[in-house]
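Number of protein chains: 4
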Amino acid sequence: FDDANRDLSLDERAALIDQFHWVRRETESLTDPLSAEDMQLQSMADTSPSKWHLAHTSWFFETFLLRDALPGYRVFDQSFHHIFNSYYNSLGQPFSRPQRGLLSRPSIEQVFSYRAHIDRHIEQWLIEEDVTAAQAELLTLGIHHEQQHQELLLTDIKHAFSQNPVYPAYREDLDQFADEVDGGTPLEWLHVPEDHYTLGSDGEGFGFDSFSFDNEGPAHQRFQPAFRIASRLITNGEYLEFLQDGGYREPRLWLSDGWSHIQQTTKPGVQQAPLYWREIDGEWFQFTLAGLQPLDLNAPVCHVSFYEADAYASWAGRRLPTEFEWEIAAWLHSKKDAVQAANLLENRRFQPVAEYPTDERDVQLLGNLWQWTASAYAPYPGYRASSEAVGEYNGKFMCNQMVLRGGSCVTPRSHIRISYRNFFYPHQAWQFTGIRLAGDVQ
Amino acid sequence: FDDANRDLSLDERAALIDQFHWVRRETESLTDPLSAEDMQLQSMADTSPSKWHLAHTSWFFETFLLRDALPGYRVFDQSFHHIFNSYYNSLGQPFSRPQRGLLSRPSIEQVFSYRAHIDRHIEQWLIEEDVTAAQAELLTLGIHHEQQHQELLLTDIKHAFSQNPVYPAYREDLDQFADEVDGGTPLEWLHVPEDHYTLGSDGEGFGFDSFSFDNEGPAHQRFQPAFRIASRLITNGEYLEFLQDGGYREPRLWLSDGWSHIQQTTKPGVQQAPLYWREIDGEWFQFTLAGLQPLDLNAPVCHVSFYEADAYASWAGRRLPTEFEWEIAAWLHSKKDAVQAANLLENRRFQPVAEYPTDERDVQLLGNLWQWTASAYAPYPGYRASSEAVGEYNGKFMCNQMVLRGGSCVTPRSHIRISYRNFFYPHQAWQFTGIRLAGDVQ
Amino acid sequence: FDDANRDLSLDERAALIDQFHWVRRETESLTDPLSAEDMQLQSMADTSPSKWHLAHTSWFFETFLLRDALPGYRVFDQSFHHIFNSYYNSLGQPFSRPQRGLLSRPSIEQVFSYRAHIDRHIEQWLIEEDVTAAQAELLTLGIHHEQQHQELLLTDIKHAFSQNPVYPAYREDLDQFADEVDGGTPLEWLHVPEDHYTLGSDGEGFGFDSFSFDNEGPAHQRFQPAFRIASRLITNGEYLEFLQDGGYREPRLWLSDGWSHIQQTTKPGVQQAPLYWREIDGEWFQFTLAGLQPLDLNAPVCHVSFYEADAYASWAGRRLPTEFEWEIAAWLHSKKDAVQAANLLENRRFQPVAEYPTDERDVQLLGNLWQWTASAYAPYPGYRASSEAVGEYNGKFMCNQMVLRGGSCVTPRSHIRISYRNFFYPHQAWQFTGIRLAGDVQ
Amino acid sequence: FDDANRDLSLDERAALIDQFHWVRRETESLTDPLSAEDMQLQSMADTSPSKWHLAHTSWFFETFLLRDALPGYRVFDQSFHHIFNSYYNSLGQPFSRPQRGLLSRPSIEQVFSYRAHIDRHIEQWLIEEDVTAAQAELLTLGIHHEQQHQELLLTDIKHAFSQNPVYPAYREDLDQFADEVDGGTPLEWLHVPEDHYTLGSDGEGFGFDSFSFDNEGPAHQRFQPAFRIASRLITNGEYLEFLQDGGYREPRLWLSDGWSHIQQTTKPGVQQAPLYWREIDGEWFQFTLAGLQPLDLNAPVCHVSFYEADAYASWAGRRLPTEFEWEIAAWLHSKKDAVQAANLLENRRFQPVAEYPTDERDVQLLGNLWQWTASAYAPYPGYRASSEAVGEYNGKFMCNQMVLRGGSCVTPRSHIRISYRNFFYPHQAWQFTGIRLAGDVQ
Ligand SMILES: [Fe+3]
Ligand SMILES: [Fe+3]
Ligand SMILES: [Fe+3]
Ligand SMILES: [Fe+3]
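In order, the protein sequences belong to chains A, B, C and D. All the letters of the first sequence, read from the start, carry residue numbers 1 to 442 under our numbering. All the letters of the second sequence, read from the start, carry residue numbers 1 to 442 under our numbering. All the letters of the third sequence, read from the start, carry residue numbers 1 to 442 under our numbering. All the letters of the fourth sequence, read from the start, carry residue numbers 1 to 442 under our numbering.
Treat the hints as calculated values from the structure; they're not laboratory data. Heads up, a few of these hints could be off.
Only some residues are given here: those of chain D computed to face chain A with a beta carbon under 10 Å [claimed, not checked]:
| hint | residue |
| --- | --- |
| 1 | Gly-258 |
| 2 | Gln-272 |
| 3 | Tyr-276 |
| 4 | Tyr-307 |
| 5 | Phe-397 |
| 6 | Asp-440 |
Taking beta-carbon pairs under 8 Å as the criterion, some of the chain B residues facing chain C (in silico) [stated by the list, open to error]:
| hint | residue |
| --- | --- |
| 7 | Ser-90 |
| 8 | Asp-195 |
| 9 | His-196 |
| 10 | Ala-219 |
| 11 | Pro-225 |
| 12 | Ala-376 |
| 13 | Met-398 |
| 14 | Cys-399 |
| 15 | Asn-400 |
| 16 | Phe-423 |
| 17 | Pro-426 |
| 18 | Trp-430 |
Since the structure is predicted, the reported quantities are computational estimates derived from the model, not experimental observations. We put the beta carbon where it would ideally sit given N, CA and C, even for glycine.
Let the sequences and hints guide you as you build the complete structure.
This is the structure we're talking about:
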C-alpha cells in the first residue's frame, strides 16, 4: 500500500468526522430503551452487557489510535485497558469474558463520559493533527468495529431478555408484523452456470465505501461448477413442517456433531425448536425484541443453528450453499438497490419480514437474516493477518466456525457488503440467522 | 401450642409494627451505597442480587401472610410469585437460582414500590384486623427472615465486588481498622466440666425476645464430656504461619474432601489462601467492604471454609468444637452483656476486629465471625418440620452442611442468640466465617 | 496400650496364621467365576477392578508390615508402591483413582504371584520372627481391611456387570430367591426407653474376636431419649408403593440436596427407581449377581441412596434412626446368635432375603443390608487418628458421609460387629444398602 | 453405476477371497502381543478396546452383507447387533461409546469365534452364491473399513498403554530407531505453478486397486494459485526449538480455539508438549509402541494436534498446505514407487523415521505420518452420501474436523492412496499426526 503515509485532505477528514459521529450517535441511540440494570446483563459467555459494548468500542479507538496518534493524549482510566480488552492477547491478558456482567463499576454514567472523552479527542485529532491514510484506515476499522457491536448489542440484549420469564420488550412499538405478503411467496430456483469467478475484495481504503475487512481478501479467482440457489429464505411455516415431521428425532438428517448437540440440550418434556420459539398450550410463539409474539408462518425462520439449517436442508432434499456460491449468486442476481431495499438495522424492525415475490434479476440476498453457508471459515489464498495487535481481529478465529453471509435486520446499512464474511460456531443461534437452500445441477 | 388462636392485644401489635418497620428500614438503608447496577449483580449461584433480596423478603410477607390474612388483598404483581420464590417447591417450581442476576426487570424502582406496597398492607393488617398469636409468629419469622437476608445482602455484594479488578468499596468510610489491640491478645483455654446440659431452645413466640427458629429446638438434654475451648478466634497472623509452614501443601492436615477441593481449585502460580486474601508483590492484602486493605495480623482470620478451619486445627494440634460444646461454653462463659458488646451489623464495621484480653467469665463468643463447628447440621431429637410450605424453611437442608455458631460483624443484633444454628456447606467461604479451637481434657 | 511391645506366644501366632490364610483364600475364591477381562473392569470412579482389589490388599501387608517387620524383605515390584496405594498421601501421591481400570499390566497372573509372595513372607515372618502385640494389631487390621475389600469386590463387579446390556451373572446358581416367607412379615415397632447408654468399642486387640476399628471408639456414654425402631427392613413391595404414589415427583418428601440429585440424574422417559431396578414392558426387574431377576416384593429393597431412604421415611411418616439408636436397639433386641443367623457373605446368596416373623427379643438387625442412619459420620468424643500413615485409614473421611450399620449379604461373618460404622456419601447406592425406619416416642 | 447388478466371475471372487482373508488375518496378527486384559482397555471416549475393534469389523460384514446376501444366514449373537454398532443410528441406537471398555462379556474367545463364524460365512457366500458388483463393492468397503480399524487398534492401544505409569511396550523388538540419517536432512521447497487441476477420485469399484471412499469424490476441477510445499516433515529437533522458544506461552502464534485448549489442558508445573513427550530430569523422552524412548531429534515430530501444527507453522513464518495443495504436490512430486517405499504398517516400525535427502522428483509425501492440512473436512462439489445405512459412513462427519493426508506408519499399504482423506478434530493428537509446511508464492 504505497500511499499509506500520505496525509488526508480537509474534505477527507470532514467526511470521516461525519461518519464517526454518526456511528457513535447511532450506538447510543440503540440504548435509549434500556435501563442501567438492563445494560448490566450478561446471559451467557458468548454475549456481553450493553455497557461493555459501549465501553469496549471506545477502548478500541483509544487503544489503536489515540494512544499513539494524538500527542499528549491521556487515557481516561488506567483500569479500562484491561477490563475492556476483548481478546487482544498482544495487549496483555484480557479480563475474563464470562465475567463482564460483574462489572457494575464503572457505572453507566462513567461509560458515557468515557465515550464523550473519546469522541472529543478523536474529533480534536482529526481537526488538529496530520492524519495519514494508514491512520484513516484504522479509524474506519474502528467505525466498522463499532457497527459490529451495534448488532451484537441487540442480539445480546435479546438473549438476556429471553431469560426473564416476563419476556420484556426492548421496544413495544416495533412495526415488525405488518402483513406484507398475502399467502406466501413461492420458492424459486436461480440457476448459475459453471465458470471462473473472481471473489472477495481487496478494498482496504477508508470511509464507508471503500472499506472491507482483511478476511474478505485477497480477491481471487475460483472455478465454480453450475449450481442453483433459492430465491428466498425458508419460512417459519416450512420449518414447522420439518419439526412436525419429527425432524428433531431423526438422526439421519443430522450431522454427527449436530445430533450430539441436540441430544445434550434436550430437556425432558420440551420439544426442541429454534432458540426463541416457545410452545404454549399447543400454540407456537417466538420471542422478539417486541416481546413474545405469535409465530408468523410467512416470515423467515430465524435463530437457527448451523446444525438446524443443515438438518432442514437434508430433510428438504437440498443442501446449504457454499459461501462462494452465495457470493456469486449475489453478484449475479441481486437487485440494483439491494442494500437500500434490504431489511437492515435502520428499518428498526429488528425482526425478519416475509419476502415479496421476485423475478430472477430482482432477488434480495441481503438483509433480513444472516444465512448459514456450507463453508468453514478459512483464509482466502494469500491471506496474511497484520503482525500488529490489530492482526488478532479476524485471523485467529479461522477454525471451527462456519461462514454466514448477507447481513440481518440488525446489521447497519453502511456496514454490509456482498463480500462480507460473518462467522459463528455451528451450534450458536443467538444471532439473527436463517436458511437459504442450494442444490446441484446435473 | 395451645393459644395459637388467641388474638393479640393492641400493645403487642404496636410492638410488632415497630419491629417490622425498623427491620424493613434497616434493609433499605443497607442499599444506600449501591447503584441500580450494583444491585443487579450475581457473582455465583450461591449468591443473589441485592435487588432480589429486597424483593424476596417482601414476597415472604405477601406469600405467607397477606394472601391469607388480609381480606381483599391483591398481589402486587402476579409474576413475582414465581421469580421471587427462593426454594419453596410447595408453592410451585421456583425461578432458576443461578439466573437471578438476569432479572433486570422488575426495575429497582418497581422493587422499592413493591416493598412500600407490602409495608403498607402489613401495617394495615396489624392495625385493622384481628391478629392471632400464630400469625404473629409467622410475622416474626418474616422479620427474622429479612434479617438473615440483610446479612446475605452484604456477603453477596462483597463477593460480587471482589470479582471486579478495581476492587470497589461498598463504603470507603468504614471504621474497621482502629488499632484497638496492642501487640495481640494471648489465646487462653476455658475448661468446661463433664455434665448433663440442656441445649437448644423451644421459644417459638413472637417478637424479637421470645423467638427462635424451629431448628433450635426442641430443647433437650445432652451428656457432655469435659472439654476446653479457646478464649478468642484465630488471627490472620496465626493463619499466615500455617500458610507459610506449607499448610496448603500437606495432605495429612486435611480431610479427604477438603484436600480434593484444594486440588481442584488451585490455579497455576497462585498460592491458596482464604477467599479474599490477595498476594501483591509479596505482601498480603484482603478485600473488605471498604476495598482492598493490608492484612491486619491481629484481626481474626475470616472467610475460611470448614476445610480450612479443620486443617488449621489439625496443624495446631487441636480440633474444632462441636456445636454443643460451643453452646455450653457460651452459656457458661459469655460476659453478661455479650450481645450488646459484640461486633455486629449495627457497629457498621462489616469486618471482624481484634479482640480484647479477657478473663474467664468475660469471654466474647458472639459476634465478629461465625465459627465453624465440628457438627454436621442435623435435627435435634424430636424435631419435626411444619407440614405447611413454611416447613421448607430449615428442615430440608439438614444434610451435607456444617453448623456455625455465634453471629458475625454483619449479623443484626436483635437477630442473634446463643442457641442460633447457622449452616453452610464445608467448602463455602463467602460468609463471614472464622476459627475457634477446642480440645479434649484427659 | 502398655503391652504393645510384648511378644506373641506360639499359639497366638498360629491363630493369626490361620485367620490370615483363611481370609486370603476367601478373597481368591470370590474371583473364581471371573475372567481376566472381568477383573479388569472399572465402571466408575467409586469402584475398582477386581484385580486392583487383589493387589491393593496385598500391598497393604507389604507396606505396613513386611517392609519394616521382616528383615531382608525385598518388595515384589517397585512400581506397585505407587499404583496400588489407594489414598495414603503420606506414602506419596497415589495413582489416579478413576484410572485403575487402565492397568492391564501387571497381568492377573502377576497379581496372583504377588499375592503368593506376600502370603509366603507373612507366614515366614509369623513363624520365624518375634511378633509384638502392636504388630499383631496391624496384621489384624490388614486382615479386616482385606475383608472390607471382599465386600467391595462384589459390589464393584455387580456395578460393572450392570453396565453390560446382556446383564451377565456373576454366578447363575445363587440360591437367592427361595420363597421363605409366606405372605410377608408384618412390620412391628420395638420400644427403647430413655436412658444413658454406653456406645462404641475400645477393642483394638488382635484376632477376629477382640478387634475393632479406631472409628468405633472411644467407648463413651450418651443420653438417649426414648424411641422406637422397626422390627424389619422395608420391602421392595413397600418401596414400590412409594414409587407408584409419585414419591420421586414430590419435592416435599426430599432433602434439598436429594431433590437436586434426583433432578440431575433423571433421564428423559425413564422412571427414577433404586439403582438396579429396571422396568421392562411395564414389569419391574432387578439386576442381581445372578443376573436380571423379577422383583421379589417380599424381599428388602436394596441399593437405595440415603436420599431415597430419607424420602421413603418421610413418605411413610417416619424417620431414619440415628446410629446410636440403631446400636442401642441392636444391643437390646438382637437375638443371641444374631451374627450366626444373619444373611452374610458366607451364605453365598449375595442378595437380601425376606425376613421371618420375629418376637421382640429375637430381632435380626444384622446382615441382609447396610442400613442408612440419620447420623453424619463424625468422630466419637476423644477420637484421635494415629499419626502414622495408617492414620489415614478412617479419620480423614469424617465429613459429608452418612453412617450405615449392620452389615450386608456380602459382608464376611467374622468382620461384622454391632459397633461397626460403615460410611458412604448420601447419593451413593452401589453398596448393598437398605431402609430401617425409626420414630419418636411422645 | 450401470453394471451394479452384473455377477462376478470366478476369478474376481477368488481375488476377493484372498484380499478378505489376508486383511482378516492381519488384524488378528496385530493382537498377538496383547493379553485379554490389554484388549479390554478403553482409555478415553475417542478410543475403543482392541476386542471391540475385532468384533465391530466383523459386525460390519454381518450387518451390511451376510444378513441380506447369504440365504439362511443366522446371526452369531443377537446382542451383538446393538453392542458392536459404532454409530449407525439407522440401525438403532448404538451402545454408548465411552462404555465400550465395560464389555468384559463377550469374552475375547467368543469374539474370535465370532470372527471365525463371519470368515466362514463370507467365504461360503463368495463360493456358493451369486455375487453382484454392488455387493463386491460393499465387501471391499468392509475390507477397507477393517484396515482403518487396524490403524485405530494400534493408536488406541498406544493411548491406553501411555496411561500406565510403567509404560508397557506393545512390542519390545520394534526396529524403529535405526539411525538412518546422518546429521539431518535439509528442508527444501517444492514449487507448484498456478493451474487448473483435477482432484479427487471417482473409483468406487471393488478390489484394492480400484476402490476409493465416497468422500474422495466426485473427481472435480479446481483452480489453484502457485504455492510451495516442504520436501519433508518437521522433526522433533525443530519442534523442540519452538517449544524452547516459548511457543506454548505466546498466544499470538495460536488460533483462538487452540490457545483456549492449551490453557484448559495445562497442568501446574508441567510443560505443554506433544501428546507422548515426557520430560524426565530435564531430558525429553517419548512414549512409543516399543515403550518409553529418548527423543530422536532427526525423526519427524508426531502426535501433534492441528492447533500445535498451526502454531508451529506460524512460529516458522509459514502455513499448513490445503488438502488440495497437498494432493497436487503428491501427484506432481511423488517418487514412482512412493507407496512401496513409504513407512507404513507392514514395515512394522510403528513409529515415524527420519527421512532421506530427496531431489525434486523423488519426494516422499506418503507414509510416516498423517499430515494436518489447512482444510476443514467438507463435501466435494456434487457429493451425496448413500441413502442406505452405510451412508452414515463418512458424510455425517463433515463438520468441525480437519483433513489429514498421506497415511502413517500404522496405515496398511493396500489402504492408502493420494486421494485419501482422513479427518480428525483439531485438538486430537492420539493418531500418528505430523507437520508439513507450505507457503505462498509472490
Ligand atoms: Fe470488539
Ligand atoms: Fe429467604
Ligand atoms: Fe483399601
Ligand atoms: Fe467402524
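Hint check:
1. Gly-258: Holds, about 7 Å.
2. Gln-272: 16 Å, violated
3. Tyr-276: 24 Å, violated
4. Tyr-307: Cβ of Tyr-307/D sits 8 Å from chain A, so the hint holds.
5. Phe-397: 5 Å, holds
6. Asp-440: 6 Å, holds
7. Ser-90: OK, holds: Ser-90/B within 8 Å of chain C, min 6 Å.
8. Asp-195: Given a least distance of 11 Å, the restraint on Asp-195/B is violated.
9. His-196: 7 Å, holds
10. Ala-219: 12 Å, violated
11. Pro-225: It holds, given that the least Cβ distance between Pro-225/B and chain C is near 5 Å, below 8 Å.
12. Ala-376: 3 Å, holds
13. Met-398: With a closest approach of 7 Å, the Met-398/B hint holds.
14. Cys-399: Holds: closest Cβ of chain C sits about 5 Å from Cys-399/B, inside 8 Å.
15. Asn-400: For Asn-400/B, the interface hint holds, since the closest Cβ of chain C sits about 5 Å away, which is under 8 Å.
16. Phe-423: 11 Å, violated
17. Pro-426: 6 Å, holds
18. Trp-430: Violated. Min distance 19 Å.
Hints 2, 3, 8, 10, 16, 18, counting from the list given before, are not met by this structure.
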